[in-house]
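Number of protein chains: 2
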Amino acid sequence: MTLMVPFKQVDVFTEKPFMGNPVAVINFLEIDENEVSQEELQAIANWTNLSETTFLFKPSDKKYDYKLRIFTPRSELPFAGHPTIGSCKAFLEFTKNTTATSLVQECKIGAVPITINEGLISFKAPMADYESISSEMIADYEKAIGLKFIKPPALLHTGPEWIVALVEDAETCFNANPNFAMLAHQTKQNDHVGIILAGPKKEAAIKNSYEMRAFAPVINVYEDPVCGSGSVALARYLQEVYKFEKTTDITISEGGRLKRNGLMLASIKKEADNSTSYYIAGHATTVIDGKIKV
Amino acid sequence: MTLMVPFKQVDVFTEKPFMGNPVAVINFLEIDENEVSQEELQAIANWTNLSETTFLFKPSDKKYDYKLRIFTPRSELPFAGHPTIGSCKAFLEFTKNTTATSLVQECKIGAVPITINEGLISFKAPMADYESISSEMIADYEKAIGLKFIKPPALLHTGPEWIVALVEDAETCFNANPNFAMLAHQTKQNDHVGIILAGPKKEAAIKNSYEMRAFAPVINVYEDPVCGSGSVALARYLQEVYKFEKTTDITISEGGRLKRNGLMLASIKKEADNSTSYYIAGHATTVIDGKIKV
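Chains as they are written, first to last, in the numbering used here: chain A, 13 to 306; chain B, 13 to 306.
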């Protein structure tokens, strides 16, 4: 087929263009999903060269508002955070919906509930399992990062397998200069995607405010500018470390070293049934708006 | 400033979307160049994540048709090949010019003459100096590529410092599986950007037809899909090796291993004054068409 379909490239976790993490969103709401092959979708995502490209389709059931398929340049993902926020923003604009306060996104992992509140888009994160790691592994990662961790780091299964590690403060995190060759070697050996490094903002007016960075040299991403799955991993880790008993909000800034300025709001929510859920919220702004030839 | 300006993402060296090398082109023809800072342009190019993002400005003199500024995600370039073809295509569409057969592009290296013939866009390449390399260096590169070269490879100063090496035939080139860690180490040591590998199509109906690949792991580009400067380097190298005495056209295909299908036409032209000039031509197609918020 050769036709022009609506296209947006949305900047996520920012209100200011070029300061967040981009996602390309292609509006296939009027296209039958059976008419486009996996190879065609993959070729588009390979070509945009962004960390993720998404495709909006009609949902398979009325309980969902839309179906989202998420591709990296190399493969399809069951779910991803910043593409969810960016694609929801694009969906609202494509459908000229200015009043929605809640939506349900269908994707490979199932239903993802989304809320919208004064432009802030929030999704309920899939549960991330927590796993301790050996002291030898910790020592290796401290060597690669070049810093001492203030708590034992852990492995978080958020889809990507992130190690989360805390350092003394936000400044220490911001100034970290990892040995990328060493880190690539270690993460490859351990089958981890990379390290989420975070440090608390000690002088911050907002309590529970962190500077975060995401290093994944083994997948050719030295540093991810603003990492949604990393913020899920960090929130889940902080719950394990600090055992919050009440709903707690965590403010996470990321990207400064790459001249980005992303802001993620993680909420560790105590539900009525005493379970704990994790929500990630952020703003988004459409930067490129037009059509794509497919 | 926050305004919406015309934007195109053009696929170069192909007529079929997603099969070539993309460039993002931003139309600043109505914007005073002094109103946008180097940092703003760099931030946009960093965000698109493409190998190059370009900005069309009014030229500084009437002898040029437009001024082009070319940025990688990290820095501004004095000149680049595929962005020149893609930006010319975008300029013609932005200005609704369907009849031009020649244009002059102003860029940091000066005037770049461009011709347009039935959709085929051709530019005159800046001269590329040829330099022999040592037999030790050749042996090292043969080891990294994992193949024997059929002629002594050379260093071509096309802007990027490419090593050009020929293998037995197109199939051998297509099937090459370099040791990227070794190649990254060697190119870093020698201050080269990477290797242009090429092999002649022995059964081709068109004489002087080559399969080409471009490896530059040291700048984090394992393989460039369709490489304009690489085609200049290859044409200049072939002239040195085969001493063509008449104007000779070289057909270069590239990108198959990355599921692209780029086609570059290099012309080694004998000028009236007995000098030799190099021209690179290709088709281009606008894939994304819209506006960008800057």
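Don't take each hint at face value.
Remember, identical chains collapse to one label, so a pair may be satisfied in a single copy or spanning two.
[Said to hold, decoys possible] Result set (BS3-like, lysine-lysine): computed pairs, CA atoms no more than 30 Å apart in a straight line:
no.	residue 1	residue 2
1	LYS120	LYS79
2	LYS79	LYS271
3	LYS136	LYS155
4	LYS75	LYS160
5	LYS120	LYS160
6	LYS271	LYS70
7	LYS108	LYS258
8	LYS281	LYS75
9	LYS305	LYS108
10	LYS108	LYS303
11	LYS79	LYS213
12	LYS28	LYS79
13	LYS120	LYS271
14	LYS155	LYS282
15	LYS28	LYS255
16	LYS271	LYS303
17	LYS200	LYS214
18	LYS305	LYS70
19	LYS213	LYS120
20	LYS219	LYS120
21	LYS282	LYS28
22	LYS136	LYS28
23	LYS120	LYS70
24	LYS303	LYS255
These are computed hints drawn from the structure, not numbers from a lab.
Right, here's what the structure says about each hint:
Taking the shortest Cα distances, LYS120 and LYS79 sit within 30 Å of each other inside one copy (9 Å), while across copies they are farther apart (46 Å). In this assembly of identical chains, the alpha carbons of LYS79 and LYS271 lie at most 30 Å apart only when taken from different copies (27 Å versus 33 Å within one copy). With identical chains, the CA atoms of LYS136 and LYS155 are never at most 30 Å apart, being 35 Å at best within one copy and 51 Å at best between copies. In this assembly of identical chains, LYS75 and LYS160 lie within 30 Å of each other by CA distance neither inside one copy nor across copies; the values are 48 Å within and 61 Å between.
Taking identical chains as interchangeable, the C-alpha atoms of LYS120 and LYS160 are never at most 30 Å apart, the minima being 38 Å within one chain and 47 Å between chains. Proximity of LYS271 to LYS70 under the C-alpha cut-off of 30 Å is restricted to the inter-copy arrangement: shortest distance 28 Å between copies versus 37 Å within a copy. Taking CA atoms no more than 30 Å apart as the test, LYS108 paired with LYS258 passes in neither setting, with 37 Å inside one copy and 61 Å between copies. In the homo-oligomer, the alpha carbons of LYS281 and LYS75 lie at most 30 Å apart inside one protomer (24 Å), although the nearest pairing across protomers, at 65 Å, exceeds that limit.
Both within a single protomer and between protomers do LYS305 and LYS108 lie at most 30 Å apart by alpha-carbon distance, with minima of 22 Å and 19 Å respectively. Both within a single protomer and between protomers do LYS108 and LYS303 lie at most 30 Å apart by alpha-carbon distance, with minima of 16 Å and 18 Å respectively. With identical chains, the CA atoms of LYS79 and LYS213 are never at most 30 Å apart, being 38 Å at best within one copy and 45 Å at best between copies. In this assembly of identical chains, the alpha carbons of LYS28 and LYS79 lie at most 30 Å apart whether taken from the same copy (27 Å) or from different copies (28 Å).
Proximity of LYS120 to LYS271 under the C-alpha cut-off of 30 Å is restricted to the inter-copy arrangement: shortest distance 25 Å between copies versus 33 Å within a copy. In the homo-oligomer, the alpha carbons of LYS155 and LYS282 never lie at most 30 Å apart, since the shortest distance is 36 Å inside one protomer and 59 Å across protomers. Taking identical chains as interchangeable, the C-alpha atoms of LYS28 and LYS255 are never at most 30 Å apart, the minima being 35 Å within one chain and 55 Å between chains. In this homomeric assembly, LYS271 and LYS303 come within 30 Å of each other (Cα to Cα) both inside a single copy, at 29 Å, and across copies, at 23 Å.
Taking the shortest alpha-carbon separations for LYS200 and LYS214, neither the intra-copy value of 34 Å nor the inter-copy value of 41 Å comes in at or below 30 Å. For a Cα distance limit of 30 Å, the shortest separation of LYS305 from LYS70 qualifies both inside one copy, at 20 Å, and across copies, at 28 Å. Taking the shortest Cα distances, LYS213 and LYS120 never come within 30 Å of each other, neither inside one copy (36 Å) nor across copies (44 Å). Taking CA atoms no more than 30 Å apart as the test, LYS219 paired with LYS120 passes in neither setting, with 35 Å inside one copy and 50 Å between copies.
Proximity of LYS282 to LYS28 under the C-alpha cut-off of 30 Å is found in neither arrangement, the shortest distances being 32 Å within a copy and 52 Å between copies. Taking the closest pair of Cα atoms, LYS136 and LYS28 come within 30 Å of each other only inside a single copy of the chain (24 Å); across copies the shortest separation is 39 Å, beyond that limit. Taking identical chains as interchangeable, the C-alpha atoms of LYS120 and LYS70 lie at most 30 Å apart only when both belong to the same chain, with a minimum of 14 Å there against 48 Å between chains. In this assembly of identical chains, LYS303 and LYS255 lie within 30 Å of each other by CA distance neither inside one copy nor across copies; the values are 48 Å within and 47 Å between.
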